[in-house]
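Visitor: From first to last, the protein sequence lines are chains A and B.
By this note's numbering, the letter at position 727 of the first sequence is numbered 727, and the numbering carries on one by one without gaps.
By this note's numbering, the letter at position 185 of the second sequence is numbered 185, and the numbering carries on one by one without gaps.
Do not take every clue at face value.
If chains are identical, the list can't say which one is meant, so a pair holds when it fits in one copy or spans any two.
[To be verified] Here are the computed lysine to aspartate or glutamate pairs in the EDC-like style, where the Cα-Cα straight-line distance is at most 16 Å:
1) Lys239 x Glu227
2) Lys558 x Glu726
3) Lys295 x Glu276
4) Lys724 x Asp552
5) Lys267 x Glu443
6) Lys45 x Glu227
7) Lys558 x Asp623
8) Lys305 x Asp84
9) Lys692 x Asp264
10) Lys364 x Glu674
11) Lys295 x Asp349
12) Lys771 x Glu330
13) Lys267 x Asp14
14) Lys513 x Glu726
15) Lys239 x Glu46
16) Lys513 x Glu286
17) Lys724 x Glu674
18) Lys364 x Asp264
19) Lys771 x Glu350
20) Lys267 x Asp552
21) Lys724 x Glu560
22) Lys724 x Glu618
Just so you know, the hints here were simulated from the structure itself, not pulled from any lab data.
Number of protein chains: 2
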Amino acid sequence: MRRVTAGEHGQVLDEQALAGVDAYFRATNYLSVGQIYLMDNPLLKEPLAAEHIKPRLLGHWGTTPGLNLIYAHCNRVIRERDLDMIYIIGPGHGGPAIASNAWLEGSYSDAYPSIRRDAGGMQRLFRQFSFPGGIPSHVAPELPGSIHEGGELGYSLAHAFGAAFDNPDLVVTCVVGDGEAETGALATSWQSTRFLDASRDGAVLPILHLNGYKIANPTVLSRIGDEALEKLLQGCGWKPYLVEGDEPELVHQAMAATLDRVLDEIKGIQAQARAESGAPSPGEPEVLWPMIVLKTPKGWTGPDKVDGVQVQGTWRAHQVPLASVRGNVEHTAVLEQWLRSYRPEELFDEQGRPVELLQEWAPKWDRRMGANPHANGGRLMVDLDLPDFRDFGVEVPRPGGSVAEATRVMGGFVAEVMRRNMHNFRLFGPDETASNRLAAVFEVTNKTWNAQVLPTDEHLAPDGRVMEVLSEHLCQGWLEGYLLTGRHGLFSCYEAFIHIIDSMFNQHAKWLKVTRNIEWRASIPSLNYLLTSHVWRQDHNGFSHQDPGFIDHVVNKKAEVIRVYLPPDGNCLLSVADHCLRSRDYVNVVVAGKQLQPNWLTVDEAAAHCARGLGVWEWASNDDGDPDVVLGCAGDVPTLEVLAAADLLRQYLPDLKVRVVNVVDLMKLQSASEHPHGLPDAEFDAIFTPDKPIIFAYHGYPWLIHRLTYRRTNHDNVHARGYKEEGTTTTPFDMVVMNDMDRYKLVMDVIDRVPGLATKAAVVRQQMVDKRAVHHRYVREHGEDMPEVRDWTWPES
Amino acid sequence: MRRVTAGEHGQVLDEQALAGVDAYFRATNYLSVGQIYLMDNPLLKEPLAAEHIKPRLLGHWGTTPGLNLIYAHCNRVIRERDLDMIYIIGPGHGGPAIASNAWLEGSYSDAYPSIRRDAGGMQRLFRQFSFPGGIPSHVAPELPGSIHEGGELGYSLAHAFGAAFDNPDLVVTCVVGDGEAETGALATSWQSTRFLDASRDGAVLPILHLNGYKIANPTVLSRIGDEALEKLLQGCGWKPYLVEGDEPELVHQAMAATLDRVLDEIKGIQAQARAESGAPSPGEPEVLWPMIVLKTPKGWTGPDKVDGVQVQGTWRAHQVPLASVRGNVEHTAVLEQWLRSYRPEELFDEQGRPVELLQEWAPKWDRRMGANPHANGGRLMVDLDLPDFRDFGVEVPRPGGSVAEATRVMGGFVAEVMRRNMHNFRLFGPDETASNRLAAVFEVTNKTWNAQVLPTDEHLAPDGRVMEVLSEHLCQGWLEGYLLTGRHGLFSCYEAFIHIIDSMFNQHAKWLKVTRNIEWRASIPSLNYLLTSHVWRQDHNGFSHQDPGFIDHVVNKKAEVIRVYLPPDGNCLLSVADHCLRSRDYVNVVVAGKQLQPNWLTVDEAAAHCARGLGVWEWASNDDGDPDVVLGCAGDVPTLEVLAAADLLRQYLPDLKVRVVNVVDLMKLQSASEHPHGLPDAEFDAIFTPDKPIIFAYHGYPWLIHRLTYRRTNHDNVHARGYKEEGTTTTPFDMVVMNDMDRYKLVMDVIDRVPGLATKAAVVRQQMVDKRAVHHRYVREHGEDMPEVRDWTWPES
């Protein structure tokens, strides 16, 4: 692997600079060890004693010195080149490093004025770390400069690219841990170069930190040899430079020279691309982006051996190298020696303030990585310029009087949003934008593509605004990075496969929950999911493509950050989309089909209905204000089946008073005490009645309806239908039959649950049973649904 | 990239062999097109007419010819070398290919006698494909020879390695789609070579099929140039050979020569490793395994252009190249011409039977890939030789009279299981085996490691039986492949991060659900999860590490394949582990902590308690058969808090009759009508009472308890406590306080819900409020829990 030797650039660091960077490195190491171990005596003014040491030692030392080294060196190039740079820390366990650096450069005190840059502040900084009522041990939202928690490993590089997109002057330095590098998400993230436009996007500078070990094992990438590693990275579009060593002075010179080299190369690539843009043609070599492979010992500068066992440079340095210090005189001495090895007396003055050398080493104001506004993206957020969604509505002469593909209706709106907000909005999806009927966007933009292009290709260009890659991890990670830096986006995905990023959603939702209580964090655009190609219309792809459980997954997270919408038709989807794009700090899950289905509401009716979130559909009801039964529905296919059932009931049991209630905003079902969107109980009772049977057809697993309505007066009368894991490759209507959510079954449910129906009802019930049997034979003979089912729509009155 | 030219090996295929392979290729292509399009006239004995064509055209043609080509060539080498080979199909959408091949070689008729190898059988084969009541469009469990559905892309290569482990004579041919290759799971799966032992494991032969396109886009790996692709693969430990072309005859020769070459190399690697085993030392080059990169046009041999637009060789060939045939005379003609281009009259006799040339081309009996027993792993399954788990129990002189780390107790048992079943059981985990206290296994085996080893390393060896890699995807994928081929295993994982494989679990659970109804599929060992480092004891790692939602995720799948266990202590964990390792065809989720906690039951009591699944703990109850309140608990930390609450209640409200019920088998809570493990209602009522308040402390999100008990008589009186997404880096007890599941809060819940308590109760309630306040101050001052909480155990009576 290439190395930039000092000779090539001369000694980059003169004596003073070397002193500066090394002092910074020592100071942040000192502050990191202090955070892990000390609750008092921060400047070691007195000999270290048991009462100065925390009772529980938490934190991860192993990765910390490497993170400190990089931060110190970034500070130099930021100053010298006036760089706009943020720092993403894959080894998120290294929280102490970032807290140390933010404190030293002053951005920590800016965010938390009570943690001053003096001895008292240092003592508070130390004590609060991993301490009840204090700050978490990871690079959490509480830390200035962070947009990446890193507790669940694997997403750093995708976040870095998301941050770099559409920020042409930004350099995102991204430390990738060699443990993290084994994850699937990270392994495919290296390919992101093929989706970065050097003309319009910023740069990502990955620093793969090969400290060699995970919790208890060596890492794969540190044990395959430099040649294999270099090939792997080159094959992913990178040109790696190696910085290796364990003598700080030599590592400083090598790191400085290498950083200068890679930043020069980045500048060169950008300059050339900005002069002449375009994707490479077949045969033309692609541009390799420079990156750094940094090899330093795990737990570098910490205790070499503890109790005779090698710690530094092994996995034993992963967490706290000295695990039981309090009450262990020998270990206390080792700790004191370790802390003093950084020569704190040279670094902090009598009052505990960083000496001038350190203060000068840090950049100023917003150039400090802890204060860079990109890492508090809401500060830079520009609202979307949104067209009136009503302009994209479909004509609905009467309920069911026209048909549309809901997502195609939305596609027109999204295209106009993209046209108006060209560098402030992106659409993400795993190769499904066209399949999901959003192809209108290709009239205003292309798909981002920075690899070879053939003449037969369509809509590929380096500056495309639609991000398509067959990796839900990349879509999610890129989008998160984009949102966290204050821009807007939408992730469209097959419903079943959104589970691939369940855990990434978890982490983002937790991030949002925590940031709500952090005053200095500005609001960011919501994370918007459009889940389509959904469970009920995966009759063609079969059982593996049928799973509506993402909704269940998201509602386990804090109610204040979760919103779920199930628009019943295209106009409602438009209204919901408009609402979601305006919202902030939420996760919005929107589920809508892409197949032709009747439209129920005009766009104005849709806007009113969606604003309410749920409502009685009078035109489909005949209850005169006092229903015998309520038919509830949430989701496009359940709505269709409920309306068809209501139609059957009118024909077969015309005296039965039926009320149809459609739910768009699922959280309306929950009590107001449990969700901010929850309908007040009195209103809920007025709509669903306090005592009549409620037959509810729901898009997903039916239990969620019970959960949401659990505290409602009438919950014992709720009978929910939904997906129950029955499915295969079959017809659309057979899917609802297999899961007992079809119109015939719903009529049977009504008959079974409404008390006191005349004997006629038993006859009707049998007729429904017969209809299901006829269906069964028909589809198995013809391979498609019966016309009477396929073509049904709400009848003209 | 290397190519094996015909010259190097001479022409591998003589005239007869070339005729054979090409006939096989044409026949399977014909059968594939027939499946997608035809419901009648299978041999084209009459001109193709509308009524012969399916009304709905479903299926994926694009990938199919490539899959057929590979299958045909594998047949040759299987025959010539008497190979034991199975075929894993990453592009799982290519179901028609595998059905065609299985039918042609006869394994399909073996599994489904009504689908004979004649014209009638062919017609049934065609008609049933993607037809209601027939077979799915993907490589589903219904297809003989498959262990991989492939609807959700990305897991083929991990499955292939799982199948190869401990099968020294097996060759697993694994087609990796170039779309699939963009996923995270697949990207990291290339690294699996570093975990394969050539001495003891079989071989994986990946064939990266660069057909160039996904649904609507080119693929990344097809557009980065051969040089970059070669480097990428070499960096991952592979030596790729390129086979490229679109003229079948030339491709046949190149493919045959290349297959011979790579199989020779595989044999060579294995021979050498079996002569002298060991991991490479630093500096020593690693062995590169051969693989194939196959470049053929997408939709190869299909229509070149349709309506003037290029289809073959583009993404437009992904699904059905001719989308509306019925009623379109021109398209019907194109289809007929396409089908006839394979010259079916040369391939099938008058009765529709494959001609002799074809019959001879296929291997015989179990060597046919559709009949290979490894692909129906239960046929080869050997039961584990299990020790008596009671021998590993901890002493429990009285309830709470000793302490243990539950997973460490289990570790001893697992170690003995591994010792006795050295090549029939593996332990999988993302770098957490020691962290999860299972280190006893390292007394009997090592961690699998086939990369460089340093002198400071511990327990690394190529033939280790513990699979550690920082990728939950690889752990899950390898284990699935291992189980599906009839072996046993356990996946130990941090609870929060198991969500990373939510979607993989989904697919496996769906596979198990479907296979229950497939008679010829033999039972396989259950997929066992040990989730530890769980939500309540991630006080040290903080909020990102706290998520108990996997249980909610799994219970959405079919009850007949899902089991969830929450053993309250180490002896119970032993009993549960023993049970799970004996079970078949389930997913068992076991959640247990790794921290020191009191033991409640002797190992014999534990065995009895776990066999019942739930039960009253008499020793903790004072209800005399008629309780005022029931305290329920499920999970180790909830059990601790409930017992501590019961202790407090005895002290503060000695007249209150309290019953403590512990639940190990969570599904016991559900009604017998909903889950096979469900307790009959009468028994449930006897234990939980029909009308008394039930305060239930649960390990996960409390809503699940309501869901499970929804149909129980007394469900309105259930008050559940659990995790509600409150957490950070703090103390263990503070975690339960933050989530209102602590002993004090539980006492308050009792007081709030038991009617008619004396005024004394109000005083006690305030005392509990005070205790919480004292706790709050204490931990914020001292950074650790109060001794009275930390050291509490059940008092000696």
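Visitor: With 16 Å as the alpha-carbon cut-off, assign the pair Lys239 and Glu46 to within, between, both or neither.
Guide: Classified as neither; 50 Å inside a copy, 62 Å across copies.
Visitor: Is it within, between, both, or neither for Lys364 and Asp264, if the alpha carbons may be no more than 16 Å apart?
Guide: So Lys364 and Asp264 fail the 16 Å test inside a copy (22 Å) and across (64 Å) alike.
Visitor: How would you label the pair Lys295, Glu276 (within, between, both, or neither) given a Cα cut-off of 16 Å?
Guide: neither (36 Å within a copy, 32 Å between copies)
Visitor: Since the copies are identical, ignore which copy is meant and state whether Lys305 and Asp84 lie within 16 Å (CA to CA) inside a copy, between copies, both or neither.
Guide: neither (40 Å within a copy, 51 Å between copies)
Visitor: Between Lys45 and Glu227, at a C-alpha cutoff of 16 Å, which is it: within one copy, between copies, both, or neither?
Guide: Neither. Shortest intra-copy (49 Å) and inter-copy (61 Å) distances fail the 16 Å Cα cut-off.
Visitor: First find the shortest C-alpha distance between Lys771 and Glu330 inside one copy, then the shortest across copies, and answer within, between, both or neither for a cut-off of 16 Å.
Guide: neither (84 Å within a copy, 37 Å between copies)
Visitor: At most 16 Å between C-alpha atoms: does Lys771 with Glu350 qualify within a copy, between copies, both, or neither?
Guide: The answer is neither: 89 Å in one copy and 42 Å across copies each exceed 16 Å.
Visitor: For Lys558 and Asp623, with the copy left unspecified, which applies at a CA distance of at most 16 Å: within, between, both, or neither?
Guide: neither (37 Å within a copy, 37 Å between copies)
Visitor: Between Lys724 and Asp552, at a C-alpha cutoff of 16 Å, which is it: within one copy, between copies, both, or neither?
Guide: The answer is both: 13 Å in one copy and 15 Å across copies each meet 16 Å.
Visitor: At 16 Å max between alpha carbons, let me know whether Lys558 reaches Glu726 within a copy, between copies, both or neither.
Guide: between (30 Å within a copy, 9 Å between copies)
Visitor: I want to check one pair: Lys267 and Asp552. Are their C-alpha atoms no more than 16 Å apart within a copy, between two copies, both, or neither?
Guide: Classified as neither; 47 Å inside a copy, 50 Å across copies.
Visitor: Is it within, between, both or neither when you check Lys267 against Glu443 at 16 Å Cα-Cα?
Guide: neither (32 Å within a copy, 54 Å between copies)
Figure legend: structure checked against the earlier numbered hints; hints not met, in rising order: 3, 5, 6, 7, 8, 9, 10, 11, 12, 13, 15, 16, 18, 19, 20 and 22.
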